[in-house]
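Novice: In case you want the letters, here they are:
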Amino acid sequence: MISAKEKRARKRLRLQSAYHLTGIAIAIFFLAPFAVTLLASFRHGTEASLPPLPPWPTAKISFDSYRLLDTFGAGIWRHMINSLLVSLATVVLTVAVSLLAGYGFSRYRFPLKNVLFVLIITTLMIPFQSILTPLFIILAKLGLNNSLLGLTLVYVTLQLPFSVFMMRNAFDAVPKEIEEAARIDGARDLKLLGRVLLPLVLPGVATVAIFAFLNAWNEFLAALVLLSSNERYTLPVLMTAVRAGRLGAINWGAVQAGVVVMTIPCLIVFLLLQRYYMRGLMAGAVK
Amino acid sequence: MTGSGLPRQSSPRRRRRSQWRGLAYIAPAMALVIVFFIMPVLFTGWMSLHNWPLMGASRWIGFNNYFRMYNDSRFITALNFTAYYTVIVTIAIFSVAFPLAIFVEKERQFVSAYRTIIFLPVVVGLATASLLWVWLANVDSGFIGPALKGLDLVAKSPNLLATFDTAFLTIVVMVVWKIAGFTMIILLTGLQAIPAELNEAARIDGAGRWQRFVHLTLPLMRKTIALALIVSVTGSILAFDQFYIMTAGGPQNKMISVVYYIFNQSFVSFNLGYGAALSIALLAILVAISIVQLWLLRAGEDHP
Numbered sequence: 001m002i003s004a005k006e007k008r009a010r011k012r013l014r015l016q017s018a019y020h021l022t023g024i025a026i027a028i029f030f031l032a033p034f035a036v037t038l039l040a041s042f043r044h045g046t047e048a049s050l051p052p053l054p055p056w057p058t059a060k061i062s063f064d065s066y067r068l069l070d071t072f073g074a075g076i077w078r079h080m081i082n083s084l085l086v087s088l089a090t091v092v093l094t095v096a097v098s099l100l101a102g103y104g105f106s107r108y109r110f111p112l113k114n115v116l117f118v119l120i121i122t123t124l125m126i127p128f129q130s131i132l133t134p135l136f137i138i139l140a141k142l143g144l145n146n147s148l149l150g151l152t153l154v155y156v157t158l159q160l161p162f163s164v165f166m167m168r169n170a171f172d173a174v175p176k177e178i179e180e181a182a183r184i185d186g187a188r189d190l191k192l193l194g195r196v197l198l199p200l201v202l203p204g205v206a207t208v209a210i211f212a213f214l215n216a217w218n219e220f221l222a223a224l225v226l227l228s229s230n231e232r233y234t235l236p237v238l239m240t241a242v243r244a245g246r247l248g249a250i251n252w253g254a255v256q257a258g259v260v261v262m263t264i265p266c267l268i269v270f271l272l273l274q275r276y277y278m279r280g281l282m283a284g285a286v287k
Numbered sequence: 001m002t003g004s005g006l007p008r009q010s011s012p013r014r015r016r017r018s019q020w021r022g023l024a025y026i027a028p029a030m031a032l033v034i035v036f037f038i039m040p041v042l043f044t045g046w047m048s049l050h051n052w053p054l055m056g057a058s059r060w061i062g063f064n065n066y067f068r069m070y071n072d073s074r075f076i077t078a079l080n081f082t083a084y085y086t087v088i089v090t091i092a093i094f095s096v097a098f099p100l101a102i103f104v105e106k107e108r109q110f111v112s113a114y115r116t117i118i119f120l121p122v123v124v125g126l127a128t129a130s131l132l133w134v135w136l137a138n139v140d141s142g143f144i145g146p147a148l149k150g151l152d153l154v155a156k157s158p159n160l161l162a163t164f165d166t167a168f169l170t171i172v173v174m175v176v177w178k179i180a181g182f183t184m185i186i187l188l189t190g191l192q193a194i195p196a197e198l199n200e201a202a203r204i205d206g207a208g209r210w211q212r213f214v215h216l217t218l219p220l221m222r223k224t225i226a227l228a229l230i231v232s233v234t235g236s237i238l239a240f241d242q243f244y245i246m247t248a249g250g251p252q253n254k255m256i257s258v259v260y261y262i263f264n265q266s267f268v269s270f271n272l273g274y275g276a277a278l279s280i281a282l283l284a285i286l287v288a289i290s291i292v293q294l295w296l297l298r299a300g301e302d303h304p
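First to last, the sequence lines map onto chains B and V. For the first sequence, counting from 1, position 105 maps to 105 in the working numbering; every step adds exactly one. For the second sequence, counting from 1, position 90 maps to 90 in the working numbering; every step adds exactly one.
Worth flagging that the hints you see were computed from the coordinates, not collected in a lab. One or more hints might be untrue.
Which chain V residues stay away from chain B? Per the calculated CB distances, all over 10 Å, these [unchecked claim]: (1) Ala162; (2) Phe164; (3) Gln211.
Which residues of chain B face chain V? A few of them, derived with a C-beta cut under 7 Å, are [claimed, not checked]: (4) Ile120; (5) Gln129; (6) Ile131; (7) Met239; (8) Phe270.
All residues carry an ideal CB built from backbone N, CA and C; glycine is no exception.
Could you build all of it, start to finish, from the sequences and the hints given here?
Specialist: So, in structure tokens, the structure goes:
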């Protein structure tokens with residue numbers, strides 16, 4: 001005979017294994033596309049065009065696909081540098097501009113303050129997809145068409161509503177006494193902001209920086225429209241050209257390698273800074 | 001509290017100086033918003049009243065671009081397709097994300113690992129995800145077809161992107177894979193905000209699991225659900241990357257969304273004026289939907 005206690009324990013164990021089996025199935029669905037692509041990107045040149053069962057390299061691990069990727073457009077390094085330049089410049093400018101604006105909105109009184117704040121936040125409600133056509137013309141008039149700087153400035157503007165909102169809240173949370181004490185000690189304006197306040201709002205800065213990086217790195221439509229010459233392409237634009245066969249025959253090995261190159265920075269940034277990312281998500285979505 | 005300026009100086013002169021200082025701090029942000037946002041928005045309206053080719057002079061044509069829209073069957077097709085896509089994708093995302101949110105709600109072993117794994121595709125770009133899935137679904141060397149054949153589910157590896165139905169299904173599965181984690185997290189915060197005592201009390205009163213879900217959880221989550229709905233609907237109406245990358249608008253040009261159509265008119269055919277008019281139409285649709293959404297959120301507030 002099994003005791004009632006033992007029965008309950010068995011039932012719990014059964015439920016628990018059912019839970020984790022489901023969990024593993026779910027995890028496979030969400031991870032498999034990454035895993036299959038990563039493995040397949042290391043297949044040998046001739047093997048890369050064969051049906052993908054098994055998806056992993058059977059002969060030996062090879063970097064053929066990555067080497068091949070380098071033959072498209074202006075070479076993969078050029079495009080990686082384009083993407084990195086745009087993303088990092090977007091991060092730096094977004095942080096600088098929203099830090100100043102957040103401080104201004106949190107600590108100063110000036111005419112039309114609320115109107116201006118709402119104006120910045122409205123950017124969220126009118127998506128850039130609906131102003132792309134005039135944006136194209138305006139950038140051309142400013143001499144910023146087909147330029148990475150122009151694209152960066154557009155990305156920074158797209159980041160502003162979220163970032164300014166985030167930074168204003170971060171400054172609101174800093175006790176005014178700290179600032180008053182620093183003022184008495186003689187710190188002024190930008191020095192006060194940089195030396196005394198910046199360290200206190202660093203978590204907010206981290207959140208703003210992560211979102212700016214991921215959005216700039218991943219953005220596709222604006223880059224497709226605003227960049228016209230091959231050597232300026234960011235990675236997503238280059239890779240769609242490879243996928244569409246516009247730069248020669250479609251090579252799926254190169255597409256896989258490109259996907260890996262585009263994915264890895266996102267996953268690293270997210271996994272290292274999950275805490276800040278989630279904080280931004282909550283502030284941005286569930287406010 | 002935003003209204004309280006920190007430097008509480010008494011003299012009017014110093015206060016005026018601090019006003020200028022406040023404006024100076026927000027000036028760079030305002031400059032960007034004006035040049036790259038306000039100006040384009042206003043300019044869209046102006047352009048939409050012109051015949052505006054890429055080269056050569058633009059010509060005032062009044063509201064003709066708007067009349068043209070009425071009789072543009074390809075635009076109507078794009079509108080219908082976008083609406084259809086938005087409804088299907090939103091339903092699909094919710095029917096995956098809600099069970100997932102419940103699945104990862106309780107703290108237990110490995111649950112944070114599950115949450116992270118489900119969320120991973122969210123941080124990857126939509127263009128990247130589209131490129132990934134277009135290979136998976138590709139007929140010659142893709143993965144899904146041969147895998148289905150290997151499992152004996154189909155006789156011959158299918159070309160998933162060749163017919164509307166299978167291509168549409170592939171895109172919906174891709175988008176669910178990419179977005180469900182995001183919706184899950186939003187719903188999860190809503191679930192976790194429900195006081196445990198309420199659930200406990202309902203259980204003691206004899207309410208079953210399903211009853212508690214329908215009569216307790218759902219009403220309490222109305223606001224969260226409305227929010228997740230808003231994000232999903234607006235995102236889907238603006239869809240472009242997946243159709244451009246995965247099927248190039250095919251098969252038979254049936255997968256051209258509104259944004260894709262604007263892109264084609266503006267940057268392929270270079271009818272920039274007409275593209276601007278279409279943008280205004282898209283904007284009007286989005287504003288109308290925002291109003292409905294705000295109303296939904298408000299309605300949610302009446303029953304907290």
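Novice: Now tell me if each hint is right for this structure.
Specialist: To see whether the hints hold, each was checked on the structure:
1. Ala162: Holds: least Cβ distance 15 Å, greater than 10 Å.
2. Phe164: 20 Å, holds
3. Gln211: Given a closest Cβ separation of 21 Å, the condition holds.
4. Ile120: 6 Å, holds
5. Gln129: Since the shortest Cβ distance to chain V is 5 Å, the answer is holds.
6. Ile131: 4 Å, holds
7. Met239: 6 Å, holds
8. Phe270: 4 Å, holds
Of the hints listed earlier, there is not a single one the structure fails to meet.
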